[in-house]
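Chemist: Okay, here's what each chain looks like letter by letter:
2 protein chains.
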Amino acid sequence: MATQLQRASNATTTPSFDASFRQSLADLLAWRRDVRRFLADPVDPAVIDELLDLACLAPSVGNSQPWRFVSVESPERRTEIRANFEDCNAKALGGYAGEKAAIYAGLKLSGLAEAPVQLAVFADEETEAGAGLGRQTMPETLRYSAALAVHTLWLAARAQGLGVGWVSILDPARVSGTLETPAGWSLVAYLCLGYPVEEHVDPELQRFGWQARDAACRRVLVR
Amino acid sequence: MATQLQRASNATTTPSFDASFRQSLADLLAWRRDVRRFLADPVDPAVIDELLDLACLAPSVGNSQPWRFVSVESPERRTEIRANFEDCNAKALGGYAGEKAAIYAGLKLSGLAEAPVQLAVFADEETEAGAGLGRQTMPETLRYSAALAVHTLWLAARAQGLGVGWVSILDPARVSGTLETPAGWSLVAYLCLGYPVEEHVDPELQRFGWQARDAACRRVLVR
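One line per chain: the protein sequences are X and A, in this order.
The numbering used here runs 21 ahead of the 1-based position in the first sequence.
The numbering used here runs 21 ahead of the 1-based position in the second sequence.
Since the hints were derived computationally from the structure, they do not count as laboratory data.
Do not rely on the hints blindly, as some may be mistaken.
A pair holds if it fits inside one copy or across any two, identical chains being indistinguishable in the list.
[Unchecked claim] Here are the simulated lysine to any residue pairs, SDA-like style, with alpha carbons at most 20 angstroms apart:
id: 1; residue 1: Lys-129; residue 2: Arg-103
id: 2; residue 1: Lys-121; residue 2: Ser-41
id: 3; residue 1: Lys-112; residue 2: Gly-153
None of the values given here were measured: they were computed from a predicted structure.
Produce the entire structure from the sequences given, and follow the hints as far as they go.
Modeler: This is the structure in structure tokens:
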């Protein structure tokens, strides 16, 4: 059976997107969420495979496709990643005082203990693909490209009913050591994936009183 | 009339996404494209407004929402941005030799001369929103968040039949000077928007022999 990607890539006529699709896309964007509460239910590896195929359709600077995926499966390495998170999280908590510290201490900031699938996403800073095009003055666009692959995977996962959580409370060099990744690969994201325990349209950090939606970021400067 | 965003945010039941939506999403991802060839047709400002609303639904570290949008409208400033691009592009061309230089010289790498709408997207590195959560060890996630807002806008634009091109061949400090943006804002992307002259499922850099799709980036390391 053809995958969604095969059907999309083999299409010879330009697709058009109607109002109903656009409303569903808005729903997807609104209900995406960073998930930290996962069911133990396993995820079909074929679904993860299809998500990775779609992630590779992300935009990339100079078509460099610098994203690199590591599936973290060994219990020992998962334990090391969790210890890395716990060390960094304890240190971060130490930077807050009073009510903010109390709220921070009560937040669940990762699903590392439960998520059935864990993917580390790196940018290959030494890739020859793209031959440097577009990244002479803004070399950080290589890492942005890997971040866009993460976002693509995230949206495609949510459309399958799967939750994704992006864990950034990690020492990235220590993650690279744990995962024995090639030199030149920089950690961009550590992702937890699985079926979510609950679904919300509002971010967990808003619900728990850390940070609300901020209308100020929507203002547009005109120049 | 309620916008897509209002309808999505006011929904009280969790949406579910069916196979037909997932196929359309795969089509959207496959046909997105970085567009550099724009029609002169104007874009309804209400459409841009709706795209910006949707962009603000992007994930952000600690819910910091650090994206900042600048609509570049003055002909003088557009001319300065174009000169910035031309200087950086000439310098980049000087870094290639032989056949690669010949291909590079023939590529159209921006739609700055034609795109009816131009948006510069910055990350506010000094925002207090999010109170630093999630970005002690990986502060670059603030800029990644702004990159994800760009990607969100890009997909939503394509679903409206609009093309987006991300121009990174720019001196970012010079862009900040031209646009007189607040201290602490870092340029993440300069976007050209408009209706595309043509539609393709393959990237222009592939079609013109610069860089093909690379299956190697799809391999997954297992750890």
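Chemist: Next step is simple, just say for each hint if it's right about the structure.
Modeler: Taking the hints in turn, this is what the structure says about them:
1. Lys-129 with Arg-103: Answer is within: at 13 angstroms inside a copy they meet the 20 angstroms cutoff, but 46 angstroms across does not.
2. Lys-121 with Ser-41: neither (42 angstroms within a copy, 44 angstroms between copies)
3. Lys-112 with Gly-153: between (38 angstroms within a copy, 13 angstroms between copies)
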